[in-house]
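Asker: Line by line, the protein sequences are chains A and B. If you read the first sequence in the working numbering, its first letter stands for residue 1, the second for the next number, and so on. If you read the second sequence in the working numbering, its first letter stands for residue 1, the second for the next number, and so on.
Think of the hints as simulated: they come from the structure by calculation, not from any bench. Keep in mind it's a predicted model, so treat the numbers as computed, not measured. Among the hints, a few may not be true.
Stated by the list, open to error - Taking beta-carbon pairs under 8 angstroms as the criterion, some of the chain A residues facing chain B (in silico):
hint, residue
1, ALA118
2, ALA120
3, ILE223
To be verified - Here are the computed distance ranges between Cβ atoms for each label pair:
hint, chain 1, residue 1, chain 2, residue 2, range
4, A, ASP81, B, ARG250, 37 to 43 angstroms
5, A, ARG198, B, ARG43, 56 to 62 angstroms
6, B, GLY30, A, THR75, 23 to 29 angstroms
7, A, LEU224, B, VAL329, 55 to 61 angstroms
8, A, THR271, B, PRO106, 45 to 51 angstroms
9, B, PHE260, A, SER202, 39 to 45 angstroms
Virtual Cβ for every residue (Gly too), placed ideally from N, Cα, C.
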Amino acid sequence: MTVAAATPTTSAAARFSPAWILERISRWPLHIAVIGLTAAWMVPTIGLLVSSFRPFSGQATSGWWTAFQNPTTFTLSNYTDVLSQSTTNLGQAFFNSFMISIPATVLPVSIGAFAAYAFAWMKFPGRNGLFLALVGLLAVPLQLTFIPVLSFYVQHLHWTTDNLESYGIPGLPWVPLWLAHAGYGLPFAIYLLANFFRALPSDLFESAEIDGAGTLTVFFRIILPLSVPALASLVIFQFLWVWNDLLVALIYVGSTASVAPLTVNLAGLTTSLGQGSNLLTSAAFFSMIVPLIVFLSLQRYFVRGILAGSVKG
Amino acid sequence: MDFSVLLQDIPTLLVVIIGVPGVLAAYIVGGEYLVRRLPDKNRPRVRPWIWVGPALILVAGYLLIPAILTAIQSVESNRVDVLDPSTWGTNFVGFRNFSRQFADFPTGGAWVAIRNNVIFWLIFYTLFTLAFGLVLAVLFDRVKYESFVKSLIFMPMAISSVALGLIWDFMYEYQPPGAAQTGTVNAVVTTLLHHDPVSWLQDQWPTDTFNILNNLALIGAATWGITGFAMVILSAALKGIPGELLEAARVDGAGELTVFRRVILPLMMPTIVVVGTTLVIFALKAFDVVYVMTSGNYGTDVLAYRMYNQLYLASNSGGASAVAIILLVAVVPVLIFNLRQFRAVEARR
């Protein structure tokens, strides 16, 4: 007992020694800088968040920071208004964003994993040259590809939104966008996964193959389970990229309400409602819900993905 | 809003959740099944193409071939159907599409967009982001609540540039002098600096032909969103520097600033260069922020936006192709650098 009690006493004495206090005080500027910079970084988001709970009269005549003097004026009406107005189509756009993002993630990640397996563990002529070409294509501006692909879709295949919808096949109107996102996402997917697959110990497959396991078994039972961290980063990366994409969706599906994703819808609202409208604040936060949930719950994998492939353009 | 919309369209939901993965699984299982039917000798020759084939077709179809066709389109008139080789040549216009983009220096053609991309965006976006990212990484490294503050800085990375543009529209809001300011930036300017409010997105200070102010306002917004990216990578590199090295420098009497300048900075240089090249590509491809906040007005046009404009508003596919090629030329040095980096890494493997 006495020994156990004595230990905290000595450490407490050390803790409040003049040297310790001096050390603490000398670190105050650091803490002030860190907390101050972080707080400043948060201001734009907090400003919009506070604004989204203020009535139009307040938003138009005073800054968001004045709202705290009179907190009773906070209201949910911006959210209920923007979500209930059928002209904003936010609900439909929310659904569309999911229907675009899920296949546009599944396709490049799966096809990329197949290809990465071949690049990492199979021998075929032109392998190194093809891989080098993929690395070169990582940074090519997508602008370079829009005109021929669009002309192929519209003039040769007649894949306009109206035409595709008229077939009545579910999901068909998004096929052009899914395939485009798959093509654009593949170089990064292959690059990231091939590097990861290559680093796996080769004895694993060799012994499995000696035991009679086929290529499919090796791929699904050994490679994929071992690559969960890389696959998770890639899935999150691609999902957020597609969810947040404006340009590619704007080019290939445009702003038709039945197919347009949230980003296109939100950008359209800035024109139709006018910049500075109080409903935009709530619409903006609505569009941020899914990425923020994904980010906050899977941040670790997201960061890992960024560290693994910081050459994506 | 009617959230039931998420369940109303169950057929689409099924296609997306079961159909697409099902097709992919069927492809690879079916492909392997066929390969196994082949004679032993041919299997290793056919199998890789089953696995790598779909990826090669998609990459060729969506990136490589379209890029080549765009280059052809850029020297043809708008009448050409670039997918039909028999129309090539008959509408050849040489460099006319380009000369239109390069006409009337400094405010005509694509000059404003070129200037904004390769001077303002390239320099300020890259430098601001690297500087903020480095300062934040170094400061945060010294506190215990590092991961918490890091995720707060990093959060804007997760949201779309459209939402980012809206957030900053509100930051930059302008009310006439004397009226209560509703935008945060103008509130700071008027109350703390006692300056008249500034219309950040429209003010073409200092001159209409070299309007740095509103471009910096756009770049500032974009920088805010991307700094977390630079910070995370730089912070990982910082953690890779052995502690003994820094300790040794400090024991030798070097101050914190000297340690940073003489030890940390040189050791982090390779990472800074990699992050910098990525940021240069981002800067050259800037689109969303400009689209949402100014639509390229008031001298804030950028190449990616001009290309979109030429294609959709002007229906000028020749001009749009020329702008895309200009964009490519701007990116090529970075591309070559990336390939060299890759080869160097491969050689060390």
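Asker: Would you mind marking each hint as holding or not holding in the structure?
Answerer: These are the hints, each one checked on the structure:
1. ALA118: At 4 angstroms from the nearest chain B Cβ, ALA118 (chain A) passes the 8 angstroms test, so the hint holds.
2. ALA120: Result: violated, 10 angstroms to nearest chain B Cβ.
3. ILE223: violated, 12 angstroms
4. A:ASP81 x B:ARG250: 37 to 43 angstroms: violated, 59 angstroms
5. A:ARG198 x B:ARG43: 56 to 62 angstroms: Given about 22 angstroms between the Cβ atoms, the range is violated.
6. B:GLY30 x A:THR75: 23 to 29 angstroms: About 57 angstroms separates the Cβ atoms of GLY30 (chain B) and THR75 (chain A), which means 23 to 29 angstroms is violated.
7. A:LEU224 x B:VAL329: 55 to 61 angstroms: The hint (55 to 61 angstroms, Cβ to Cβ) is violated, given that LEU224 (chain A) and VAL329 (chain B) are roughly 41 angstroms apart.
8. A:THR271 x B:PRO106: 45 to 51 angstroms: Distance hint for THR271 (chain A), PRO106 (chain B) is violated at roughly 29 angstroms.
9. B:PHE260 x A:SER202: 39 to 45 angstroms: Hint holds: Cβ distance 42 angstroms, inside 39 to 45 angstroms.
Of the numbered hints given earlier, the model fails hints 2, 3, 4, 5, 6, 7, 8; all others are met.
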